[in-house]
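Residue numbers (numbering that gives the first Met the number 0), protein chains in the order written: chain L, 0 to 192; chain H, 0 to 435.
By construction, these hints were calculated from the structure, which means they are not laboratory data. Do not take every clue at face value.
Partial chain L-side listing against chain H, Cβ under 7 Å, derived [what the hints assert, rightly or not]:
#, residue
1, 18
2, 163
3, 168
The beta carbon of each residue, even a glycine, is placed where N, CA and C say it ideally should be.
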Amino acid sequence: MPPTLEYHLALDMCATATYTSAGRLGVLTHSTFYQRELAPRLCKHPAPVLFADTAAPLHNCTSIIWAEPEQPTAASLLAQMPPRCELWLITANPLARRLPEWHTATPPATAPCGSAMLLRLVRHAGYTTHCYGMHSIASIAYGEVGRLLARLHRHDLADRWAARMRAAYLVQGWQAHLAPVAVLHARPLEHTP
Amino acid sequence: MSSDALVPVVSRLATWLTTMRAPDGYSGPVAHWWQQCLQYTGAGIDWRYEGIITGYLHLYRYTRNPHWLAQACRAADDVVQAQLPDTRLPNSSFEQNPYPGGTPHEAACMLALLRLATILHQQGDLRWQTYLAVAGRNLWQHQIARLWDERARAFRDAPDVPSFVPNKAATLVQALLMLAHLTHDEHLITHYALPTLDVVLAHQVQGDLLDGAIYQNSFGQRRVPKFFPYYIARCIPALLAGYEVSSEPRYLAAAQRALNFILRWRTPDGSLPQVIYTSGRVSRYPCWIAATGDIITAMHLLQPHGSPADPTPTLHWLLQGQLPSGGFRTAHGFAEHITQRTPADLPEFRDLLPVCGWNDKAFACLSGLLEPAAAQHVTDTEPLPVCELACQFRRQPMVYHEDSQQIVLRQGQQIHYQWQKGAAWPSVCTPLMYLK
C-alpha cells in the first residue's frame with residue numbers, strides 16, 4: 000500500500016531532486032519505513048546509491064537523503080557530513096503524529112527534529128536552506144471542508160474541494176513548519192551559486 | 000470515418016508508443032482524476048499493457064505481420080520479467096506509482112497476457128505456456144487468494160477492507176473467464192466470475208434518471224453515490240463475456256442498460272462528463288479524450304447484440320485529440336477540475352500530456368476498427384514532428400513541447416518540467432508541479 004500523500008510526496012521529491020545529481024548518492028536512515036520506501040524509488044538512479052545508518056560510509060557522497068534526523072543525534076551527524084555535499088532532509092512535524100505511519104510498530108522516527116529545529120541546526124552548520132511542506136494548513140482545511148460536504152451528501156462539491164486540496168498540497172517557507180511532513184534542501188553556503 | 004483514414008492515426012500512435020519505451024517497459028507521467036503521478040515516470044506495469052498488447056494483437060490478427068506479434072510479445076515480456084516473487088507486479092499502481100498490487104491494473108495485465116496466450120496457443124507457439132503461467136500465478140495467488148471475499152461472493156478492492164469496485168472487479172472477471180477458457184476450469188466461472196458479476200448487477204441503478212448506471216464503489220453495504228461513465232463502460236466487456244459463457248440474459252440486459260445510461264449523458268460533441276451524482280449534478284471536467292477508446296469499444300461490442308448506439312460522435316471526439324507527436328491528449332478541462340466552469344481555449348498541461356495508460360485505450364480501440372486491408376499499411380516508424388503548443392498550468396501561460404526524446408513544460412525561458420522519455424524521474428520538476 001502506498002503511504003499517505005504527505006510521505007508519498009516527500010519521498011518523490013527527494014527521488015526526483017537527486018535523480019540527475021552527479022556523483023554518489025547517500026541515504027542516511029535507520030528507519031525500516033524509509034528504507035522500504037526509498038529503495039525502490041532510487042534503484043534506477045544513474046549514480047551509485049549507498050544506504051547507511053551512520054554518516055561515516057557516506058564520506059564521498061555528493062548528495063545525501065537523510066530520513067530522518069533525530070533530536071539526540073542530528074547535530075553530531077550533521078557535523079560529520081561530507082563537505083560540499085547537498086542534503087535532502089525529510090522530517091516530521093507535530094501534525095505527522097496523526098498519520099497512520101505513526102501508528103505502526105515501526106514509525107518513521109522516534110524523536111524527529113521537526114522542520115523548525117532542523118532549519119536552525121542546518122543553517123548553523125553553514126548551509127543555505129529551502130523548506131517544503133507536504134499538506135499545508137490550507138490543504139488540510141480544504142480536505143476537511145470536502146469531508147463535511149460529503150457527509151452532507153454534496154459529493155459533487157466534495158470532489159471539487161478534494162481537487163482544491165490536492166492543488167494546494169505543497170507549501171514553501173514558514174508554512175512548511177505547520178505541515179505534517181517537511182523536506183529541507185540544504186546546500187553548503189560556499190558552494191551555493 | 001473510413002478505415003483508410005484511420006491508418007495514419009494508428010501509425011502515428013503506434014510510433015508514439017515506441018518513443019515511450021524504457022528498457023523495462025512503457026514509461027511516462029500520469030494525469031488522472033484521482034491523483035497525479037508527475038514525479039515517478041519510469042515503466043508502469045499497469046493497465047497500459049491491456050490496451051497496448053490488445054492493439055498489437057488486433058494488428059497482427061488483421062495482417063499476420065510477425066512484427067506486430069513481436070511487439071505484443073515484447074510488451075508481454077515486460078510483464079513477465081517484472082513479476083515479483085509474490086506474483087504481484089512492481090509499479091502497477093498507475094497514478095499512485097511506484098507501488099505494486101494496483102487494481103485493476105494487475106488483472107488488466109493478466110487479461111492481456113491471456114489474450115496473447117490464446118493467439119499463440121492457436122498457432123502452436125509454445126510461448127503461450129509462459130504467459131499463461133505468469134497470469135495463472137497472479138490470478139490464483141494474488142487476486143483470488145488475497146482479494147476474494149467468500150462471504151460477499153465477490154472480489155474486494157483491498158484485502159483488509161470490505162470494499163467493492165464494479166469496474167475493477169469486471170476487469171478481473173474478464174481475466175478469469177479467459178483463464179477458465181484456456182485451462183478448462185469451470186470452477187473459475189461458477190465460483191468466482193459469475194457471482195462477482197451478480198454483485199456488479201446489484202450495483203446497477205434500476206429506473207429513474209440514472210437507470211443503468213453502476214455505482215462507482217461500495218464499502219460493505221454503503222454505496223458511494225457517484226457514477227463515472229468511463230468506468231461504467233469498462234464494466235460492459237465483462238458483462239458481455241459473462242453472458243457469452245452463461246447465456247444468462249441478465250448480463251446482456253445489464254450491459255445494454257449501462258450503455259444506454261452512457262448515451263443519455265453523451266453531449267453532441269461526443270464527450271462524456273467525468274462524474275454524475277445521484278442528484279443529477281454533474282462534474283463534467285476533466286472530460287477524457289484518449290480514454291474514450293474504451294467507451295467506443297464498449298459500443299462496438301454491443302452492436303452485434305442489437306444496440307443502436309452510434310459511436311461516431313465519440314470517435315470524432317477522440318480523433319480530434321491526437322497531438323502532432325502522435326499521442327492522444329488525456330483530457331479537456333483539467334484547469335476547471337475545481338471550478339467546473341467552461342474551460343478557456345488554452346488547454347491545461349495535463350490536458351495535453353499524453354499518457355501511456357490512457358493512450359492504450361485509444362490504441363486498442365482504433366486498431367480494432369481497421370479493416371484488414373487497411374491494417375496492412377499501418378507502421379510504427381512514422382516521422383513525428385516536434386510538438387509545441389501553448390497551454391496553461393495553474394492559470395499561467397506556458398508552452399508544451401514534445402519530441403521523440405522528451406516532454407517539456409516551460410514558461411518563457413524557465414523550464415518547469417522536463418522528462419527525458421524512458422527516465423524513471425523527471426530531470427526538472429519545479430515546486431509548481433507538485434500537485435497530487
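Results for each hint:
no.: 1; hint: 18; result: holds, 4 Å
no.: 2; hint: 163; result: holds, 5 Å
no.: 3; hint: 168; result: holds, 5 Å
Checked against the numbered hints above, the structure breaks none of them.
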